[in-house]
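Chains as they are written, first to last, in my numbering: chain A, 10 to 233; chain B, 356 to 794.
Bear in mind the hints are in silico, worked out from the structure with no lab data behind them. Treat each hint with caution, since some may be false.
As the list claims (entries may be wrong) - Within a straight-line C-alpha distance of at most 25 Å, the following computed PhoX-like cross-link-like pairs (lysine-lysine) qualify:
#1 K703/B <-> K771/B
#2 K403/B <-> K183/A
#3 K213/A <-> K153/A
#4 K213/A <-> K640/B
#5 K16/A <-> K670/B
#6 K360/B <-> K194/A
#7 K194/A <-> K403/B
#8 K468/B <-> K16/A
#9 K682/B <-> K703/B
#10 K610/B <-> K16/A
#11 K16/A <-> K693/B
#12 K653/B <-> K472/B
#13 K188/A <-> K693/B
#14 K194/A <-> K376/B
#15 K525/B <-> K213/A
#16 K472/B <-> K750/B
#17 K16/A <-> K472/B
#18 K188/A <-> K360/B
#19 K472/B <-> K194/A
To be verified - Here are a few chain B residues that sit away from chain A, every Cβ distance over 10 Å (derived from the structure):
#20 V418
#21 H437
#22 Y485
#23 G491
#24 K525
#25 R567
#26 P608
#27 V612
#28 T636
#29 R647
#30 C688
#31 M727
#32 I737
#33 H740
#34 K750
Unchecked claim - Quick list of simulated restraints, FRET-style, between CB atoms:
#35 E545/B <-> G97/A: 52 to 58 Å
#36 K140/A <-> P601/B: 50 to 56 Å
#37 E545/B <-> R59/A: 34 to 40 Å
C-beta atoms are modelled at their ideal positions from N, C-alpha and C, and glycine is treated no differently.
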Amino acid sequence: MTENYGKMGARDLHLFFLIDASDSMKYGGKIETLNNAVREAIPHIRDVARDAEGTIRVHALTFSTGARWLVNNVDIKHFTWENIQPKGVTDMGRSFELLADQLTTEFENIRGYQPVMILLSDGLPTDDYEKGLEKLMATTWGKKAIRIAIAIGQEADMEVLQAFIGDTFRGELKPLQAKNASELKQYIRWASTAVSNASINPVKAAVPMPPTADATVDMDDLDW
Amino acid sequence: MSLLKKGDLLTSTLEHYTVVKPLGEGGQGEVYLVHAESGDYAVKWFYKSMATEAQYHAIESLVEQGAPSEQFIWPMAIVENHSEDQFGYVMPLIDSRYYQKLTRFFSGELTFKSYEKLIEACMQMVQSFYTLHLSGLCYRDISFGNLFVNFKTGDVRICDNDNVTYDHLKSVEDNWGTYGFMAPEVIVGEAPPSTATDLFALSVVLFRMLYRQHPLQGRREYEIDILDEAAFMSLYGTRPIYIFDPIDVTNRPVKGVQDIAEFYRGILPQAVNDAFERAFTNGIKVPEERLRESEWMKLLTTVKYSITYCLNCGKQVFYDASVIRDKKEVSACVHCGKPAMRLPVRMKVGEQIIVLNYDSTLMMDVLTPLDMTAYQTPFASIVQHPRHPEIWGLKNHSELIWQYTTQEGDTRTIEKNGVVPLRHGMMINFGDSMGVVRF
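Can you build the whole structure from these sequences, using the hints too?
Here is the structure:
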């Protein structure tokens, strides 16, 4: 009965992953967990997209020595995840610049929901991250994004991650610290699904709550 | 999903439950499938931060109140486990074999079997919220995410009822709701959610069901690159403009890219367009001007009984005598472009025009369109004469005794299951009202 005789003007949600692929990610199974966690999140992101009028388009880049695109603008329906192989230093700033370049050149006249950007890192940036972040925040899409940061283990620079988050959710959001594989999976799932949903179906005065880790950490669960 | 584990035991005043598996998560808690002796249910288990004393009492009060109608997936009892500070509530399970989220209609994944089923879903929503409001309650967050539909039958289920509250909220400090459905006064913080703000959200839902597009998403929305909070505030709060506002033309649908409402506006009966104009002009700013549920019900009845079929392509179209009178001709079919060859068989009852199709089922709302439950009670159906297929009849499914006069001038009485053979110009006496048939 509902043949379409016009368009609804649906928007897409652009979901960006910025992933630390430096040498240190090799240790303690961090990169394996991350690869696995993103893969596990995919069907749940698809579920969010299924209820949306537009779709969710995924972009992912990694940074180590330099930064590079893994996938660009892929509809979540067709999205598959290739394992990341870590190697090199932590040029986080370069990844911000690379993203800023794409947002400047390829996002002109694009309509969307508030984009979601998820930064995952286990260490300290080895380049001038501030310069990169400044460039990213100078773009409309970077500035208006919902920016989430996930620290993998105890070594990540929380101040840098907080700077990336900036005023997201009216400045109420802190970096999430994943202390083990199960937390990392939970956080990646939350950031890619609950936050995406919050962008597509925004509720006034409600910040989606990150999954709360138990207050007392079982030392056996402390992998990183 | 980690608050409860498979096999966990929960208890209510009714019975014991075993957690089977997680079903979903939301802003306030997680939902699990549970098993009990009397059957399977759903349990919503609140996050620690949400499991407050106030929440406990609110749920308690809803349990005591009881479900306003079968459409509501209502809290049946509070459930607890061994923990001191956490709780949830048990509710009926939505059968996912039949019910799907309404969002799937707008994402294009699912569609209603026919226009009648779409209207049935609208009527069930209208009646459900009417009943809820009648109990002194308001829902607060009517939006697609909370509505489930059986696309084959039009049956509706309404979930997330733990936000339902008595219609006496005073504070605007904790105003919340889904953008696009929230009334402007809630968004800007001038008034708390209430029955009147529910009526706004309901009008958005109904508009979208009938026109697909959002009533406030025209050019102004289209030209915004990223929809952030500031954009929502302007589009839905401080400067909401109806896409068909008769005076302000700045937010019209955008041709070729965001224009589907134009199509439906062209085919729906004029009375529908007029009602929504009221709802989204005066009704935006002045809560008292919003259409009440009984008005929506009457309008939906009009839409339902104006559905007919194009004689060329067989697709569903709407019959609108006022448009035909104005244009002095029958419009071309919107689907195939050919002119519908002749007017459908129709019957006028009071002010209502009822199109009689080969498969029409009429409900009691034919006689009493303002009665909120009449749409569920069978009244009549169209049947074909078994030996003379050219003769069509109106079969009585009601307890009312009908009367009509035959061509020969005899008066006949028709009881339940009896049939009136239809002919042009005839009158049928339904008791309190008359039906006039035209071919």
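- Query: Can you list which hints this structure breaks, lowest number first?
  - Reply: 13, 19, 25, 26, 27
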